[in-house]
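Visitor: Protein chains in written order, with our numbering: chain V, 1 to 442; chain B, 1 to 442; chain W, 1 to 442; chain A, 1 to 442.
Because the hints were derived from the structure by calculation, they are not lab data. Each hint should be verified, as a subset may be incorrect.
Which copy is meant is left open, so a pair is good if it fits within one copy or across any two.
Straight-line distance between alpha carbons at most 30 Å, and here's what the computed DSBU-like set of lysine-lysine pairs gives [stated by the list, open to error]:
id	residue 1	residue 2
1	K252	K262
2	K414	K399
3	K398	K421
4	K210	K398
5	K398	K159
6	K113	K383
7	K421	K154
8	K252	K283
9	K283	K326
10	K383	K326
11	K210	K399
12	K116	K154
13	K399	K154
Protein chains: 4
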Amino acid sequence: MPYKDDQLHEEKVFKDPVHRYVHVQDRVIWDLIATPEFQRLRRIKQLGTSYLTFHGAEHSRFNHSLGVYEIVRRIIGNFENRDRWNNDERLLCLCAALLHDLGHGPFSHSFEKVFKLDHEHFTQQIILGDTHIHTILEQVGPGFSQKVADVIDKTYEDKLVVSLISSQIDADRMDYLQRDAYFTGVSYGHFDMERILRVMRPIEDQVVVKSSGMHAVEDYIMSRYQMYWQVYFHPVTRSAEVILSKILHRAKYLYEHDYTFKLEPFHFISFFNENVGLSDYLKLDESIVFYYFQLWQEEDDVILSDLCERFMNRRLFKYIEFNPNKQMNEWVELYRLFRETGIDPDYYLVVDSSSDLPYDFYRPGEEEERLPIHLLMPDGNLKELSRQSDIVESISGKKRTDHKLYFPKDVLRKLDDSAAKQRIMQLLHLEQHWKGAENHAD
Amino acid sequence: MPYKDDQLHEEKVFKDPVHRYVHVQDRVIWDLIATPEFQRLRRIKQLGTSYLTFHGAEHSRFNHSLGVYEIVRRIIGNFENRDRWNNDERLLCLCAALLHDLGHGPFSHSFEKVFKLDHEHFTQQIILGDTHIHTILEQVGPGFSQKVADVIDKTYEDKLVVSLISSQIDADRMDYLQRDAYFTGVSYGHFDMERILRVMRPIEDQVVVKSSGMHAVEDYIMSRYQMYWQVYFHPVTRSAEVILSKILHRAKYLYEHDYTFKLEPFHFISFFNENVGLSDYLKLDESIVFYYFQLWQEEDDVILSDLCERFMNRRLFKYIEFNPNKQMNEWVELYRLFRETGIDPDYYLVVDSSSDLPYDFYRPGEEEERLPIHLLMPDGNLKELSRQSDIVESISGKKRTDHKLYFPKDVLRKLDDSAAKQRIMQLLHLEQHWKGAENHAD
Amino acid sequence: MPYKDDQLHEEKVFKDPVHRYVHVQDRVIWDLIATPEFQRLRRIKQLGTSYLTFHGAEHSRFNHSLGVYEIVRRIIGNFENRDRWNNDERLLCLCAALLHDLGHGPFSHSFEKVFKLDHEHFTQQIILGDTHIHTILEQVGPGFSQKVADVIDKTYEDKLVVSLISSQIDADRMDYLQRDAYFTGVSYGHFDMERILRVMRPIEDQVVVKSSGMHAVEDYIMSRYQMYWQVYFHPVTRSAEVILSKILHRAKYLYEHDYTFKLEPFHFISFFNENVGLSDYLKLDESIVFYYFQLWQEEDDVILSDLCERFMNRRLFKYIEFNPNKQMNEWVELYRLFRETGIDPDYYLVVDSSSDLPYDFYRPGEEEERLPIHLLMPDGNLKELSRQSDIVESISGKKRTDHKLYFPKDVLRKLDDSAAKQRIMQLLHLEQHWKGAENHAD
Amino acid sequence: MPYKDDQLHEEKVFKDPVHRYVHVQDRVIWDLIATPEFQRLRRIKQLGTSYLTFHGAEHSRFNHSLGVYEIVRRIIGNFENRDRWNNDERLLCLCAALLHDLGHGPFSHSFEKVFKLDHEHFTQQIILGDTHIHTILEQVGPGFSQKVADVIDKTYEDKLVVSLISSQIDADRMDYLQRDAYFTGVSYGHFDMERILRVMRPIEDQVVVKSSGMHAVEDYIMSRYQMYWQVYFHPVTRSAEVILSKILHRAKYLYEHDYTFKLEPFHFISFFNENVGLSDYLKLDESIVFYYFQLWQEEDDVILSDLCERFMNRRLFKYIEFNPNKQMNEWVELYRLFRETGIDPDYYLVVDSSSDLPYDFYRPGEEEERLPIHLLMPDGNLKELSRQSDIVESISGKKRTDHKLYFPKDVLRKLDDSAAKQRIMQLLHLEQHWKGAENHAD
């Protein structure tokens, strides 16, 4: 049964704390939401380890995916009578918006790095492979799933469609900024989305913004800037992320060195071997990860059990500002001293760096190239945002990196007194003023 | 090292979306939060299966526990200079508030019913047993843990202290109404807590409310009423709860009938045997439950695997209004017809009833007796709320029960045509107008 | 130039704190807003003397009128494809919504009572008389202004149209509850209007509400109940209203007794003579009233100057609960004692009563008959709300009246000691516990 | 009766939509609020002509003054146990906060410019002159009123006290940003004040902010930047301001040229003569101004009556971007053409410029020198904000000026066709795309 134009008898709604209601008029959207692949997103947190810093941040990617869909639905609703807009692509946009994060796994960032995975690859596989999602999409029309996959992959020919879910001011970003602000409770993350949606116009290959809405866009950019530094790169969150990565590294290492786990970690085997199939990937949600972490707290390997116990019970590492590029000597010395005192520095002395580019204009050839934001001026011309806005210009293209050194303060404190201990304490400023993971969100 | 009066060097805060900030000044509170027993509450949802109806309702009991603590902290702050108030009990109140829900397990309601458990029993055990919590409480002073346990058990001698966390208008209820409204996104659940806190007064055995604040209290009572019927007893949530219970029943049944699970469900064994120790209890958080439900989707027993697949993928039962007391004949007939068509009615034809008493005055001898709300009149006398408030009087003491019959509509539809099928469809009004689980929050 | 279907080239918006934006698409609406008669509403407060109790309540009737228009616009937007709805009446509804309060003057309540006026009469006159409003309406089509007047007068033949701005759950009430709550800052007044608008359906002669939205309607009814008792009938607001009425009475009395005002009160002459023409009526906005009250503070008549000084500087009367029907003897005695001590009881001893009917079902023959709220049941039948809702039933049709006695406590205190003074103090409970106007919003 | 330490028997509260509640504990504060001089602030709008752009902006200076008081009260509450803080100055701070805007008159900006007044001068006079305010302040202690005046005048010796109400991040600014955002309904103006208050510390001569709160301060600075350009300098508001100024100019001109007004404008005489005494000043509130503007609509002088009619009925001037410094030739030509076509350019062709310095560090010798914001670093040192914050640095010290040319488009349109008219239309771009006052807030 072909799906096209198959409207639900009566519109359905989801109560949503961020957008008040998410409206569904199309049966295909309804059916996509009901698939196991989409329901699985309920078991994956939107913000990974952030809940250990901001206790409200327990919301899932399911939440966010509905939100992105809803924003695209509203944008398109405003476009209906515009010349440039081809309403045949309505359903394509809605599906791509809903499914764009489908390939995310638990704690994606760490898993991808440790096991050399790419969630975008799995998004493509879920849409094109042997899944409920695929079956439903193909009922819209043959080849429809490929189109959806192309939009998400940014290779779809109509770049206007792509820009709705992937640009400097797309539905994805507008949803997550507001949603993550709502659930963490921070006061950043607010901007006048209703105003932005009203002034968005489809022009050629992109969605542009009427210049009368420039200040609302400035607010959005600033909001993004604040959210990055206040929430996404919060050092306590990164402390948990560091421990998580080390757990995965250790488990892989043990597996590779023929360690015998008390219970065979069969969900992880293909990850350790770096040949994860779609079916294995879909099974590994956060509850499975937590299950193993709980078990591993009782493993004989002291590093694995300690790290798991730390993660599960939020006994995180402390940190200091530390730039290994500039502090090479201290780094080498600390590494040696840790080894000397019996604390494995490969697991317990970790540098983590974060960086963000709050707003960037187009630079051909870069990997993560995103379309810049263009303003539609009263005379009909387009101007790139940072040329009109002082504030945006001021933060445009400025990459800021923040390095921190993480370590288990509690362990160091319990070391027997020795010259090594004293020197460690000195190098890590442990006698002085310092901020630590115990500060939660402060 | 005794804890008493041991203030943190600098106040710590948690960013909280409901109360903006949760403030911690006492080291003992800080240390209690850091225990494994308390951190475990992060892995137990506050609202059980409600997230399947309201996707925002993914917040944990950890969240709520901090919130109750914060409200009690604010109430006590207002009491400081009142005659009746004994500030020596400050820390006792704070600890009891923080820990009052400590014994909750995953999906408490269903687990308690199926396995005959009582979360309050485990709260007592965690506070008094061999736990980190217990150790920290005893450092405040010998016997302090017993006092905390008594307050939570409502047996503590100073009933004023008890009433802060257990009365018709306690910190527990004030937090959960606001918090659950915030995370679900419903517009009910708002009342002027700041006003209520300002007019609370400690008098004799209870916290009373100055009569000038009566309307704020009315709003609170109405808010509670609406939250019960709109959120807590939502029929879709109950559909998930029904399936969950049936999974537990089936697994227990299979275990008792020597069924061989593909993986020994060792976390569940003591539950099946109904002799759960503290250590086993603490291990069973939601991620463990989800782990088994995922595995059991692939069990050979078709009932267990079907129910688990339904729960994990939100393929819920539909429902109709149905009062088995009044519709005994239909019930018997349906039961027989289900059996006849090969659908086990013990798992697939389930009546669920819910009821609530929105506000009740004291009735001696009842099990769940809670202190009524008293108003402090300008002349210094106390009056019971429902005598002063028309609105409260109107809903006071009225028990309302709502019965629904749950069944798998999808299975019934796929039955071969037969007289039995036709009769089932007729009895369940499946040809007519009906509301079903597909309505999500609508 | 006929107006019909004359859309603005580009939609205009007003930023509105309650509805976020008010959208205007029709040139006629735009032009009506720009008339002097409509702009005059900026100089008339929505809540009269309430700003003396709630300092935020300084918003004007201009605000509210735009809000009612916007709500009707949204309701109609949802009706567009419904059978019952005749979209030819769209512009009629919008105009009637915008203009329904056009005839209000400053502090309407007091002015109407003292000078025997009726703001609805003036609304009709402004729409049908020689005004900018009339000219614009007639450009829509001949006779259009009469239609608008009829809708506001509730005599228009299509009662569905009438019910949008005048029923138990009309746009007027939905706007003022939310708006007055917003500006006063009280926490009552919130209900889920978006939900209510979604479930409204035009059926026969009225707008009904799908039964699935019953709880949102309950919330609205409760909100109205709370706003009446917490805001609209606040005793401090009524104290100011009492003084205002007495000023008008006194000025009229003086005029009738050939008193010579320092400046001829020419704006008031036709009011004193009770033959107010449209032109005089439109000139008398709040700033004119304040101008005279300022001047009159310096009049020789001590009663007039004292009352004006009280009103302008918020030196209000205090009050006690007092029911003259039941306390006739005290009343007579107080009246006599006031006279005896030289305080004119006709101006300084005032009983004020207020009452409200929070929700009422239809009672044929009553003056203020408003259509009851009907629920549209799943089976297509209509049921009156109070039959389905316990809460509404409980407050339905219950008239509650509240009597208070107002008097100038400051004057009484300064009386020379005497038996009369002592008896007055006793009768007014001035030695005891009492609440007074100094409590502002508390 | 000395006031010091005279607490109210029971704390009083005002319901405030921005800060929820304003709390009053001191009798002197209560009594100051009740004075005629303070109550007068109810009749002066906080944002002057902004209500003609944002209809919600009808709030008075009374509102704002209570808000500033409340913020200072909260700041001081946090300071109580800090070394640097001298609690003897508590009452002084509270009084200065409450009274700092006392000297404002209606539409201060225009009145000050046209009549060469200074509201700060009148604030001093009200505090030190023969007023109720003065009497009450002196009851606190002899000389107390002079101290309050000095704090407001920034000459008080303890600069810490001064900085609470007059610095780059004082209570004044924090209140008006939030309050004006609330009443206009714009989404700018939000920042985390609770956080800022928590991290404020009294150090030497100023209030500094702990560096951990830097991002909240950035948000505040950005909020201020956005409010200036979106609200305070809105071109439609300025259009009304332009007309208002021209009315005052014309009335003064007529008075000076012996024009006979129909009613002697006795409230204005001392303003025309530029020798305004305190008593005259206090009488001139907004209702008086509106009274005259209404009368003047019927004056024989066509310029005065036209301008008054425009202001009262919001028939504002349109505008184009226009920098007279760079467009001298056009300016001269337009001026000549207006004169030629009989439209007096002195009243109908007006350039208005606005500018703002969003955040500035200290530059000795400048008139409006305000203390820069200092961050308290973890090592105890102070650093100036813009050195730590990229965003603030980017907008720091950058003066931006915006020039617009205002004119009555409606009049120009009605001119007879002529070369002059054509040239005017061309110079003012009236055939093209242009934005005008009809856009309200868009």
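Visitor: It remains to establish, for every hint, whether it holds in the given structure.
Guide: Going down the list of hints, with the structure as the test:
In the homo-oligomer, the alpha carbons of K252 and K262 lie at most 30 Å apart both inside one protomer (15 Å) and across protomers (25 Å), since each shortest distance falls under that limit. Taking identical chains as interchangeable, the C-alpha atoms of K414 and K399 are never at most 30 Å apart, the minima being 39 Å within one chain and 57 Å between chains. For a Cα distance limit of 30 Å, the shortest separation of K398 from K421 qualifies neither inside one copy, at 39 Å, nor across copies, at 51 Å. For the homomeric pair K210 and K398, the shortest alpha-carbon distances inside one copy (25 Å) and between copies (25 Å) are both at most 30 Å.
Taking identical chains as interchangeable, the C-alpha atoms of K398 and K159 lie at most 30 Å apart only when both belong to the same chain, with a minimum of 27 Å there against 38 Å between chains. Taking CA atoms no more than 30 Å apart as the test, K113 paired with K383 passes in neither setting, with 38 Å inside one copy and 38 Å between copies. Neither within a single protomer nor between protomers do K421 and K154 lie at most 30 Å apart by alpha-carbon distance, with minima of 53 Å and 50 Å respectively. When the C-alpha separation of K252 and K283 is checked against a cutoff of 30 Å, the pair qualifies both within a copy, at 18 Å, and between copies, at 25 Å.
When the C-alpha separation of K283 and K326 is checked against a cutoff of 30 Å, the pair qualifies neither within a copy, at 43 Å, nor between copies, at 45 Å. Proximity of K383 and K326 under a CA criterion of 30 Å is satisfied inter-copy only: 24 Å between copies versus 40 Å inside one chain copy. Proximity of K210 to K399 under the C-alpha cut-off of 30 Å is found in both arrangements, the shortest distances being 28 Å within a copy and 25 Å between copies. Taking the closest pair of Cα atoms, K116 and K154 come within 30 Å of each other only inside a single copy of the chain (22 Å); across copies the shortest separation is 54 Å, beyond that limit.
In this homomeric assembly, K399 and K154 come within 30 Å of each other (Cα to Cα) only inside a single copy, at 24 Å, whereas the closest approach across copies is 42 Å.
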